[in-house]
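Novice: The listed protein sequences correspond, in order, to chains A and B. Last residue of the first sequence: 595 in this note's numbering, with the numbers rising by one and none dropped. Last residue of the second sequence: 1073 in this note's numbering, with the numbers rising by one and none dropped.
Keep in mind the hints are simulated off the structure, nothing from the lab. Be a bit skeptical, because a hint or two may be false.
Said to hold, decoys possible - The calculated DSS-like cross-link candidates involving lysine-lysine, where the alpha carbons are at most 30 angstroms apart (straight line), are:
#1 B/Lys1007 - B/Lys1073
#2 A/Lys2 - A/Lys42
#3 A/Lys163 - A/Lys2
#4 A/Lys69 - B/Lys1073
#5 A/Lys317 - A/Lys125
#6 B/Lys1073 - A/Lys317
#7 B/Lys1024 - A/Lys163
#8 A/Lys184 - B/Lys1073
#9 B/Lys1013 - A/Lys209
#10 A/Lys180 - B/Lys1073
#11 A/Lys125 - B/Lys1013
#12 B/Lys1073 - A/Lys209
#13 A/Lys191 - B/Lys1013
#14 A/Lys558 - B/Lys1007
#15 A/Lys42 - A/Lys163
#16 A/Lys27 - A/Lys69
#17 A/Lys191 - B/Lys1024
#18 A/Lys69 - B/Lys1007
#19 A/Lys184 - B/Lys1024
#20 A/Lys2 - A/Lys151
#21 A/Lys206 - B/Lys1073
#22 A/Lys125 - A/Lys180
#23 A/Lys206 - A/Lys69
#24 A/Lys125 - A/Lys191
#25 A/Lys562 - A/Lys317
#26 A/Lys184 - A/Lys209
#27 B/Lys1007 - A/Lys27
#28 A/Lys191 - A/Lys163
#29 A/Lys125 - B/Lys1073
#30 A/Lys163 - B/Lys1013
#31 B/Lys1024 - A/Lys562
#32 A/Lys180 - B/Lys1024
#33 B/Lys1007 - A/Lys206
#34 A/Lys191 - B/Lys1073
#35 B/Lys1073 - B/Lys1024
Stated by the list, open to error - Some chain B residues judged to face chain A by a derived CB distance under 8 angstroms, without partners named:
#36 Leu1005
#37 Thr1015
#38 Ala1025
#39 Ala1039
#40 Ala1044
Built from N, CA and C at the ideal position, the CB exists for glycine as well.
Read off the chains here:
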Amino acid sequence: MKRIALIGMPNTGKSTFFNRLTGASAKIGNWPGITVELLSAKIMEGSEMVEIVDLPGIYNLHGFSEDEKVARHFIENADLDLLVVIGNASQMDRQLGLVLQLQELNLPMVLLLNMHDEAQQHGIKIDTDRLTSELGTPVTLMSAKYSQGIKQARELIRESLSKEKDSTAKEKDTFTDDVKLETKLDHLMSKCVNVPIELSGGLTDKLDKVLLHPWFGLPLFFLAILLMFEVVYTIGTPLQDGIAWLLNVILESQIAHVIDSFNPVVQSFLIEGIYNGVGTVLSFLPIIVMFFLCMAVVEDSGYLARAAFLMDAFMSKLGLDGRSFVMQLMGFGCNVPALMGTRVMRSRGLRLLTMMIIPFSLCSARLQVFVFLTTAIFSPQAAPLVLFTLYIASFGAAFLTAAIYRNRLPNSEPLLLELPPYRFPTWQQMLLHGWRETWYFIREASGYILLGVVLVWFLTHYPFDAVPASSETLAGKIADVFAPVFEPLGMDKLMTVVLIFGFVAKEIVLGAMAVIYAVDPDNLAGVVANTTTWIQAYSFMLFVLIYTPCLSTVAVLKQESKSWSFTAIAVAWPLFLAWLTSFVFYQAATYLFGS
Amino acid sequence: MTLNLLKSGEVAKITSVTADDALKARINGLGLRIGQEVAVIRRACMGGPLQVRVGHTDILMRPEQADLINLAK
Ligand SMILES: Nc1nc2c(ncn2[C@@H]2O[C@H](COP(=O)(O)OP(=O)(O)OP(=O)(O)O)[C@@H](O)[C@H]2O)c(=O)[nH]1
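Construct the complete structure from the given sequences, taking the supplied hints into account.
Specialist: See the structure below:
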C-alpha cells in the first residue's frame, strides 16, 4: 500500500482537502492549529489502496512546538511515497519558503495551491507552469472549500504516485543554507507570482475596523456570544419541549400497554430507568445540535483569532495569553478537544495553566443540565439571564484559578499568531460540522448514559421492597454518608446521588434525575420545580459547573500533561472550589432571602 | 527603530530580527523576512498586542516580540 502525507502551514485547508479526498469529516476551523493529531484514511486511487495522512500544520520545518514536532517526526521517519504540500495561494511569499525547505527532504512531492478563490479576489496571478518548471515539482491551483480544481489535484497525485520512486536520490543536505533558500524564494516570487498593490481594504478590513475597535471590540464580542446563546435557546427549547412531549405520547400510547403484564420491578426498570433516563437526555439533543451549528459558524468565521487579539492584554496579566482564551471558548463545545488544542503552546507552564482552566468551560453536557434547571425553576424571562450568570461564573472560576496558579506555572512564551481573513462556512461545512460534533456527543456519551441510568436505577430501587429513592435504598445510604459534606450546600439526598454520578460524566446528570424522581421527560421539570427552591437549584448548578467535568477530561489531562501530580491537582482543586462556591452561595443566599 | 515603535498605518522594511533560532524560525515562517515591508494596522488597548501585515498575511503579536524586529524607513 502506498502512503501520502498532506503537509503545509496551519490554516491552509489541509483538513478541508483531506475531507474532500476521503469523504471523512475531520474537524475544520478558521484557526491555525485545529488539527493537532495525525489523521489518516484509506482510499482507492485507481486500482490501488492509498493511505492518506493529514498532518498538523507547520510554519517551519525547523519548528519547535509539539504539533510541529509531530509533523516533522512523521515525515522524517514514516515511509512516504508522496508529500502533498498544501499552500495558501494568496500568501505565496511565505508559503513557498516551507515548500523549499520540504524539497530538501528529497521526497516525491506535489504542490497544491489552495484558496484560489481568495487569491483571485486579491487579483493575485500565479504562473503555475513556470512555477512547476522552476521548482521541478508539479503545481496546481484549487479551492478545496468550493470543490474547484480537486479533479486536477487528484490527477497530479495519481500521476506522481505511478512514477517509480527515484532511487538515485541525492544525499540529504543537512546544512540548510537559509540564504540560498531566501534568494531562490525571491527569484520564484518575481518570476511566477504577480501580486497587485491593494487599493481598497476588503471586507475583512472593514469588519476588523468595527470588531477590533479598541473600545467597542470587547463589548461587541460578548454581545455576539450572548446573541448566540439567545439563538440556541430560542430555537432549541421549543424543539426540546416537543421531543419530551412526543416521548411521553409514545410511552403512553405504544409502550405502556405492551409491558403492562411484566413484573413491576422489570416495568420500573424499563420505564423509570431506561426510557425516562435516556429519553430525558435525548430530548435535549436539539439544543446540543443548535449549539454546535452556531459553534461551527463561530469557529469557521475567524472570529476566534480576533478574540485572542482582544483578550490578550487581560489574559497576559493572568500568566496566560490570547490563545488560552480561545481554548476556553472551544471548551464550550467539549473540553476534550480544547485540552488537545493546547499542543500549539510551547511553554510548559503556559500549557499546563491553560489546561487547568479549560475544565471550567461550560461544555455542552453541562449546558443541557443548566437549560433544564433554569427553565424548570425560573421564569421564561429570567432563565436565559440565569444561564448567562453561569457563563460568567465559568470565566470567573477559570480566571481565579489562573491567578492562583500563575506563579507556579510561569510562562515566557512569545505570542505570534496569524489572523486569518473572515470566512463563512458553506452550508455543507456547517451541517457536517454540526453533525460530526453531535454524533461524537452521542457516541461518547450514550454508553455512559445508559450505564449511568441503569446504575442509578438500581441504587435507588434496591432493595426492591423499599420505597424508591428513600433512605432504605442503597442510594439513600450512600447519600447519608455524604450528607455532612453536601447538606451545607443545600443539597438533599437525591441531589447528592446525582452529583456523585455526575462525576463520571455530566451527560448522566439529567438521566439520573429523571430516574431518581421517577418521572417521564415531559413532567420532570414540574416535579423538580416543586421539590427544589431556586437557591438550592442554583447552588447545585454552581457545583455542577465547577467540579470535574467528566472522566474523559481527567484522562486527557493525564495524557497531555504526562504528570500524575498535575492531574491530581487539576481534579482536587476544582472539587474544593466547587464546594466552597456552592457553600458560600447557599449560605449567603439563604441568609439574605430566607429558605 | 523596531516594529513596536512603528505608528499605525505606517510601512517600513525589515532589516534584521534579534531572537533565538526557534523564535526566528517562527517569525520567518509567518512571512516576516528580512527585506519585506511590514505595516502596523492597529494596536489593542491597554498594552495589548499589535496587528501587523506583511503581504497578505495579518499577524497578531505582543509588543515584546515587535521589539525584536528591526526596521529601516
Ligand atoms: N476561501 C477558501 N477557504 C478555504 C478553502 N479551503 C479551506 N478553507 C477554509 O480555511 C480554513 C482552514 O481550513 P482547515 O481545513 O481547517 O485548514 P488546516 O490546514 O487543516 O488547518 P490546521 O488544522 O490549523 O493546520 C477553514 O475556515 C476553511 O473553511 C478554500 O479553498 N477557499
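Novice: Hinted pair, alpha-carbon criterion (30 angstroms max): lysine 184 of chain A, lysine 1073 of chain B. Please report holds or violated.
Specialist: holds (25 angstroms)
Novice: Hint alanine 1039 of chain B vs chain A: min CB-CB distance below 8 angstroms?
Specialist: Cβ of alanine 1039 of chain B sits 11 angstroms from chain A, so the hint is violated.
Novice: Mind checking the alpha carbons of lysine 125 of chain A and lysine 191 of chain A for me, to see if they're no more than 30 angstroms apart?
Specialist: holds (11 angstroms)
Novice: Checking hints one by one. Is alanine 1044 of chain B an interface residue toward chain A, by the C-beta closer than 8 angstroms rule?
Specialist: Check passed: Cβ of alanine 1044 of chain B comes within 6 angstroms of chain A, closer than 8 angstroms.
Novice: Take a quick look at whether lysine 27 of chain A and lysine 69 of chain A sit within 30 angstroms of each other, Cα to Cα.
Specialist: Status holds; Cα separation ~20 angstroms.
Novice: Hint validation: threonine 1015 of chain B versus chain A, beta carbon distance must be below 8 angstroms. Holds or violated?
Specialist: violated (14 angstroms)
Novice: Holds or violated: lysine 163 of chain A with lysine 2 of chain A, Cα cutoff 30 angstroms?
Specialist: holds (12 angstroms)
Novice: For the pair supplied as a hint, lysine 1024 of chain B and lysine 163 of chain A, is the alpha-carbon distance within the 30 angstroms limit?
Specialist: Violated, at roughly 37 angstroms.
Novice: Checking one constraint from the list: CA of lysine 562 of chain A to CA of lysine 317 of chain A, max 30 angstroms. Satisfied?
Specialist: Given that 30 angstroms is the threshold and the Cα spacing comes to 27 angstroms, the pair holds.
Novice: Holds or violated: lysine 1024 of chain B and lysine 562 of chain A, Cα atoms, limit 30 angstroms.
Specialist: holds (29 angstroms)
Novice: Please verify whether lysine 206 of chain A and lysine 69 of chain A have alpha carbons no more than 30 angstroms apart.
Specialist: Outside the cut-off at roughly 37 angstroms; violated.
Novice: Please work out if lysine 125 of chain A and lysine 1073 of chain B have their alpha carbons no farther apart than 30 angstroms.
Specialist: Holds. Lysine 125 of chain A to lysine 1073 of chain B sits at ~29 angstroms (cutoff 30 angstroms).
The structure fails hints 4, 5, 6, 7, 14, 18, 23, 26, 27, 30, 36, 37 and 39 (numbered hints given earlier, in ascending order).
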